[in-house]
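A.B. asks: The chain contents come next:
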Amino acid sequence: MTSVGNSTGAFYERSLSQMGALRVALETYQTQIATGERIMRGSDDPVGASRLRALTRLEVRGATEEENAARLAQDLTEGAEQIGGVVELLQRARELAVAAANDPTGENGRAAIADELEQMSDELFARSNSRSITGAPLFAGTAGSPAFIRDAGGNVSYNGNGQNGSVPVVPGTEIERGVTGEQLFEFDVAGTPTSTFAVISDLAAAMRSGTGDPAVAAQDAIAGIDAALDNASRSQTVIGTRLAWVEAIQQDQQSRAINVAEKRSDIGDTDIADTIVRLQQTLTALEASQASFTRVSSLTLFNAL
Amino acid sequence: MSTSILNIGRTGAAAARASIELTAQNIANATNPDYTRRRMEQTELVGTGRIEAQHRSTLNGVRIGDVQRFDSEFGQRQVRSSTSDLARTETEMRALGDAELALEETRLYEKLVDFEASLTLLESDPTDPALRTGALETARQLSQVFQSAEFALGNTRALVEDELTLGVSEINATVSELSRLNVELVTAREGSSGRAALLDARDAALRDLSGEVGIDVEFDQFGGVEVRILSNPPPPGENGVLLVSGSNVSQLTASQNSGLVTLNVAGTNFTAVSGAMAGRSAALADIAGRQTELDAIANSTISRANAAQAAGSALDGSPGQPLFSGTGASDIALVLGDGAGLALAPAGAPAGSRDTSNLGNLIAAFGADDGPIAAKDRLLLSLSSRISGLGTTRDGLEIIKQSAEANLLAETGVDLDAEATELIRLQQAFESNSRVMQVATGLFDTILGLR
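Chains as they are written, first to last, in numbering that gives the first Met the number 0: chain B, 0 to 304; chain P, 0 to 450.
No lab work stands behind these hints, which were simulated from the structure alone. Ideal placement from N, C-alpha and C gives every residue a C-beta, glycine not left out. Keep in mind that a hint or two might mislead.
[As the list claims (entries may be wrong)] Output of the computed footprint for chain P on chain B, the stretches with three or more beta carbons under 8 Å from beta carbons of chain P: (1) 32-43; (2) 50-61; (3) 139-149; (4) 162-170; (5) 211-223.
Take the sequences, apply the hints, and build the full model.
C.D. replies: Here you go:
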């Protein structure tokens, strides 16, 4: 037997599921506002979540590259300072060589010049083997320390290699770390390969020994010192340019980071104003349905019995 | 004659009382979801006789008839099939939601990105021991996160397997209950309250059963049921495997082999088409697939890292040793003991080399479109897309189920307003009948009072 009625059970079930749905919506909005995140689980918005993951990766990568750029800038600055020191040394050596070439200085004068030049030679050697804050050699290319070694005879030779190595600072851009010891200290004078160390120590030896004409030896050394100066100032320019590049890229990185953060916020963050309005709307609907539910459910014929 | 009137009044009052009892029963069960509303049938009691051509009838009042049960076979069927469909989707969605939680909360993706970042950081200063140790420790955390993701996913799978076992015993219990009801229905008297209660129990059992697994039901003349599980593949000429018929019951068993669930009844292997069992089967297959994918990601992490190590030389210039051991997410472990062992320089490079070309290769292999990071993203994306799709299906099925339930309740549910009206009507009927008895007494007294 069938008949159609208005089942009381069905009314309660319906009211329950409607108010339940409103409560669920309320809780979702509430969580979105409380956490500030629109996407709780990947399944809330699979594509959005995947894009958020990609942005997270970009963010982490950006932070790493910023750190790399900062370290690179540090190394370059350190290198620039050392090269500055080398340039000052060479300028003083040139003054000494010019003095020795032009003024009759006598034996004591030459010895003094030789003393100073030997001091310079030591300082130059120390500077060539200088290290970054983290202890890596600045002028050894990608090879390990030391960059230069001095044999028993006082001859200094390059121990590094010719590769500079580079640091990726933004996707697709790698900046070379610095200059190698070869680039900084080795050059040709009149077709003969020599080094800054050799030029200075040869001059010191000539001053010290007193054999031959020291003025001529000094005169000859000036050409070598000039070449060494050229070399050092060229390296200084190269490093300066790279530093400027790194600074430009650091600014780039910051604007990229802001970009990524903005995108992230667009996709993953709760639109507070929008959500609060929706929350309020749902709240009103829930209150209204609760009120109407109590009204309707209290309508019963049993009160009339 | 007045005795007869008194009798008529008595039957009327009795019928009204019986109806009031049934109405009270309806009201009492208004919130019982398994209850179908009932009504008392009444038939007129007339005695007729014939003596030669003389036709005589005696009026004897009313007879209390059968208990009518407002059933709706179609409505029940709708509810059963929509329950099965919803249960399938909901169960699968819940299980996959747990799997998603396991994969997201272990933050494996973030750890993979961290490892990539720790390697990229080494580019700036490949000989810095702090950076090397940092990268090595991130690798250690990565291997642990792989294991905890595998563990969490395995836990989710174990939970679903437990539910599967529980589901099977629940189905078997419901099925024995149904066979008992089948037997009792044969002996129950037609039109009795007892039979109506048995039928309610039968429909409730069928609804419970359809939540667990999709069923096809046929009724016999006593109201007993023949239940088949809708199966894939179906037996020839039928749409399902026979589970219960009369008092005969076949036990359901389930077996599982690497995520593939097979149900078995009386030697026939099959898979469920709908119901929670089908949802669990689908979820188990899906989770097993995700475990394989996770293993593949772990394996690609291990092999890419170790291949790069083998192609390079460590800080001391020695050939690179493997970074990870193991073949999958469950056994991945860090084996390199010291950050200095990270082979960042190409093979043959001298000790202390700051050449990072091998490191560059490792980073590129790790972050490649077919590398572990991208694979993990794809794994999460496909899982959450699946759940999101199931959510949409679930919402649709929920509406269908709600409307099927509303339709069924409209036919079978108790309407308190209708019952209240009935109560008033029956109260009046009872009072009228007592009035009739009073009148009959009055008539008798009048005759006795004649002098």
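A.B. asks: Evaluate each hint against the coordinates.
C.D. replies: Structure-based check of each hint:
Three residues within the 8 Å Cβ limit are the bar, and the region 32-43 of chain B against chain P gives 4, so the coverage statement holds. As drawn, the region 50-61 of chain B meets chain P at 6 residues by the rule of a beta-carbon pair under 8 Å; at three or more, the given contact holds. Proximity of the region 139-149 of chain B to chain P, defined as three or more residues with a beta carbon under 8 Å from a beta carbon of that chain, is established by the 6 residues found. A stretch counts as covered by a chain when three or more of its residues have a beta carbon under 8 Å from one of that chain; for the region 162-170 of chain B and chain P the count is 4, and the coverage holds.
Residue count for the region 211-223 of chain B with a Cβ under 8 Å from a Cβ of chain P: 0. That is fewer than the three needed, and the coverage hint is violated.
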